[in-house]
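Visitor: The residues making up each chain are set out below.
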Amino acid sequence: MDILLEVIVFGLTIGVVYGIVALGISLIYTGLDIVHFAHGEIYMFGAFFGLVFSEHLKVPYAFAILCAMFVTGILGIVIERVFYRRLTRAGGGYTVAGMGMIICGFGMSVVLMNIAFLLFGADAEPFPVSFGAPYQIGEIFLPKSYAITAVASLVLMAALHFLLKFTKIGLAIRAVAANKDIAFLMGINVPLMISLIFGLACAVAAAAGVLIGPMQSVQVEMGYLMLMKAFAAAVVGGFGSLPGAIIGGLLVGVFENLGAAYVSGSHKDIYAFLLLILVLMLRPSGLFGVEAKVKA
Amino acid sequence: MRKLKTSLIMVAVTTALIAVNSASLAGTIRIGATMRMVSENGQKYGQMVQDEFDIINETGGINGNKIELTLLNDECKSDKGVANANKFVHERKVHLIIGSTCSSVSLPIVDVTAKAGVPQIIPHSTNAKITQKGSAWVFRVPVSGRYYAGVNAKYVGENIGKKIAYICAADAASQNDCEAMQKQMKSQFGSEAAYVAQVQEKEVDFRTHMLKIRSAKVDGIMVAALAETMSRALVQSYEAGIGPKVRRIGSSSASNAPVPKIAGDAVIGVFYAAAYAAADTRPIAIMFNNMVRQRYGIHAPDHDFSQAWDLVRIVEIALGRASLKLDDGNLAADRTAIRDALATVKDYNGLGSGPISFCADATPQCRDGNRTAVLVAYKKGGENFETEVLARVTMPADFGL
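Taken in order, these protein sequences are the chains called A and B.
Using the working numbering, the letters of the first sequence correspond one by one to residues 1 to 296.
Using the working numbering, the letters of the second sequence correspond one by one to residues 1 to 401.
No wet-lab data here; the hints were simulated from the structure.
Positions of the beta carbon are idealized from the N, C-alpha and C atoms, including for glycine.
Possibly wrong hints are sitting among the right ones.
Which bits of chain A does chain B cover? Going by a derived footprint, with three or more residues having C-beta under 8 angstroms, they are [unchecked claim]:
id: 1; stretch: 30-43
id: 2; stretch: 126-136
id: 3; stretch: 214-224
id: 4; stretch: 234-245
Subject to a maximum C-alpha distance of 27 angstroms in a straight line, what follows is the list of computed DSSO-like cross-link-like pairs (lysine-lysine) [stated by the list, open to error]:
id: 5; chain 1: B; residue 1: Lys115; chain 2: B; residue 2: Lys154
id: 6; chain 1: B; residue 1: Lys212; chain 2: A; residue 2: Lys144
id: 7; chain 1: A; residue 1: Lys144; chain 2: B; residue 2: Lys154
id: 8; chain 1: B; residue 1: Lys380; chain 2: A; residue 2: Lys144
id: 9; chain 1: B; residue 1: Lys129; chain 2: B; residue 2: Lys346
id: 10; chain 1: B; residue 1: Lys80; chain 2: B; residue 2: Lys133
id: 11; chain 1: B; residue 1: Lys202; chain 2: B; residue 2: Lys77
id: 12; chain 1: B; residue 1: Lys245; chain 2: B; residue 2: Lys379
id: 13; chain 1: B; residue 1: Lys245; chain 2: B; residue 2: Lys183
id: 14; chain 1: B; residue 1: Lys202; chain 2: B; residue 2: Lys183
id: 15; chain 1: B; residue 1: Lys245; chain 2: A; residue 2: Lys144
id: 16; chain 1: B; residue 1: Lys133; chain 2: B; residue 2: Lys162
id: 17; chain 1: B; residue 1: Lys77; chain 2: B; residue 2: Lys163
id: 18; chain 1: B; residue 1: Lys245; chain 2: B; residue 2: Lys212
id: 19; chain 1: B; residue 1: Lys202; chain 2: A; residue 2: Lys144
id: 20; chain 1: B; residue 1: Lys154; chain 2: B; residue 2: Lys380
id: 21; chain 1: B; residue 1: Lys346; chain 2: B; residue 2: Lys87
id: 22; chain 1: B; residue 1: Lys162; chain 2: B; residue 2: Lys77
id: 23; chain 1: A; residue 1: Lys144; chain 2: B; residue 2: Lys162
id: 24; chain 1: B; residue 1: Lys380; chain 2: A; residue 2: Lys58
id: 25; chain 1: B; residue 1: Lys129; chain 2: B; residue 2: Lys186
The following residues of chain A were derived to be distant from chain B, with all beta-carbon distances above 12 angstroms [to be verified]:
id: 26; residue: Phe70
id: 27; residue: Ala122
id: 28; residue: Lys144
id: 29; residue: Ala158
id: 30; residue: Ala183
id: 31; residue: Lys229
id: 32; residue: Leu278
Start from the sequences and build out the full structure, keeping to the hints where you can.
Guide: Here you go:
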């Protein structure tokens, strides 16, 4: 019992990061009807960009997050325009049903990882950001990096929510997500919105990468495990549901930490997937799932 | 007639090519090396092995014979390591195999070399089971994990306390280090583990483990993991509120340069048993440190560098003693001669923490060459880290068996 609160707090801080990566995956799924398997590598690139800005260009950490988001967003747009757009065009519209995009996503994942190997090398890199002494509340220690991660993630979510709900661009994005053909007939530039959705999702993943960097160091292979956890979060929350992705992330983070603390600390990653199986058995569409559509 | 003439010319050219090829192979000692060369450190000690053999060739070779080294990267993956070993044995027809860095790779290669009858000399792997398999073809330059565990346990039990928590990563070397340390703490001090966690090889989140360890009020935490994983665990142990009074004990990979670089100040006070300390003040060590710094830009070489360098020297000695024919018909005899020559290496004093000796029996006592470990502690973290030697201990040959 003595560590329960800390376990939950730690679970929430890592869960919120799972949540924002899952948010990107869900955003792409909602807007583009594709499951993006290279999103873990986008997250990894974001972390490296953040490291470059923070360590090499000596940009303040908060600004490094924004810079990494911008550069990764541009990278995402380039990937979508140059590679994925061709697949969707070949499919005769904006959507690719079937295996094509899944395989393309896996391929992109391998390509991005190898490019990262060439650019950044195979060594794990420290992401030294001095946050100062941890907060101590009674016997509870909360490192400032964790608190900053939680606050930054919440701000990011709020900003995304504001963008999607209260701006014209957000309205256009939602229209494209709902029905691309009707959105086109209403005068919305659908290809532009699709690029924007992809760029936004990649920028959000980059923010997660830069936030996690000081806690776990940065390395080329960091994307795989995060992708698995983020997928678990997205499925638990309901694939395609943006609030669901966040709630799913928090649940996965807390569940795996509680499992590690009170069942067995060994091989704690299984708890995330146990939760995933449990939710799929009880509610196949996830906690906040929407009606299943034909998706890639 | 013209067709016959063309055919004859082709046969003659082919025969000449075969003759030239055979001539180039005669007088060449073929060595295959498979190592983990994914990190910057790995690439550089791989390069150092290549460079050292090149220097031997430039200075006349060994008994007039040139060494032809094939250096492959196994990425610390057992399937790639075994594929490399099979390539060396069956395609390259090597006389000697060097490898690997990782225990999980060296272990299956032992079976390949034992079956094919090719001598194998190990540069870095510490898992005790490597020599316990009983292969007559295996020689180990580094200190076996069973000796490291004995040295660590003795120091911990006598100087730190008996209530120890263990974080054990899934790779073969870390598993062995963790199990052997627990066994030694029990046999030397009757102490059971206060907490044990098995984690993935590349685990990133140790915070829950650290909270449980903090509440268990332990005297020390042993983190047995590869360099990056260990660094993260060390940093997160402080984030979870475990103060510096609780000593951190590293497995042998704590000597790798990425640990102080990634862990930063969290590495201060961490100690580990190793086969080499960059803080060594012997002239040979100072010369080696300078050479590695100038040639490869490494601030302070770890024992992966020193062991690779010692290995080349030992191979040089053994090849010099072996009576080799170096033609295809005598490949098996040459391999046996190299194995037997390696077994004659006695009291080689190089960079290692102690003299390295082998003998003919296919037992761990004969094939675990170095029985001396140094206990090293970090005084400063970061790129320009500093270490100090706490102790140097030589173990009996049958210790931990």
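Visitor: Are the Cα positions of B/Lys346 and B/Lys87 separated by 27 angstroms at most?
Guide: violated, 31 angstroms
Visitor: Apply the coverage criterion to the stretch 126-136 of chain A and chain B: a residue qualifies when its Cβ sits closer than 8 angstroms to a Cβ of the chain, and three qualifying residues are needed.
Guide: holds (count 4)
Visitor: Hey, B/Lys245 versus B/Lys212, does the alpha-carbon distance stay inside 27 angstroms?
Guide: Since the Cα atoms of B/Lys245 and B/Lys212 sit roughly 17 angstroms apart, the hinted pair holds (cutoff 27 angstroms).
Visitor: Assess, step by step, whether the Cα of A/Lys144 is no farther than 27 angstroms from the Cα of B/Lys162, and give holds or violated.
Guide: This hinted pair is violated, its Cα atoms lying about 33 angstroms apart.
Visitor: Beyond 12 angstroms from every chain B Cβ: check whether that's true for A/Ala183.
Guide: About 40 angstroms separates A/Ala183 from the closest Cβ of chain B, which puts it past 12 angstroms; holds.
Visitor: With a cut-off of 27 angstroms on the C-alpha distance, tell me whether B/Lys129 and B/Lys346 pass.
Guide: Given pair B/Lys129, B/Lys346 holds - Cα atoms ~23 angstroms apart, limit 27 angstroms.
Visitor: Is A/Phe70 truly not at the interface, in the sense that its beta carbon sits beyond 12 angstroms from all beta carbons of chain B?
Guide: The claim holds: A/Phe70 sits with its nearest Cβ about 26 angstroms from chain B, beyond 12 angstroms.
Visitor: A/Lys144 clear of chain B by more than 12 angstroms, beta carbon to beta carbon?
Guide: violated, 10 angstroms
Visitor: Assess, step by step, whether the Cα of B/Lys245 is no farther than 27 angstroms from the Cα of B/Lys183, and give holds or violated.
Guide: holds, 24 angstroms
Visitor: Is it true that the CA of B/Lys162 sits at most 27 angstroms from the CA of B/Lys77?
Guide: violated, 35 angstroms
Visitor: If I take the minimum Cβ distance from A/Leu278 to any residue of chain B, is it greater than 12 angstroms?
Guide: Given a closest Cβ separation of 20 angstroms, the condition holds.
Visitor: Against chain B, does the stretch 234-245 of chain A show at least 3 residues with beta-carbon separation below 8 angstroms?
Guide: It is violated: at least three residues are needed, and the stretch 234-245 of chain A offers just 0 whose Cβ sits closer than 8 angstroms to chain B.
Of the numbered hints given earlier, the model fails hints 1, 4, 5, 7, 16, 17, 21, 22, 23, 27, 28, 31; all others are met.
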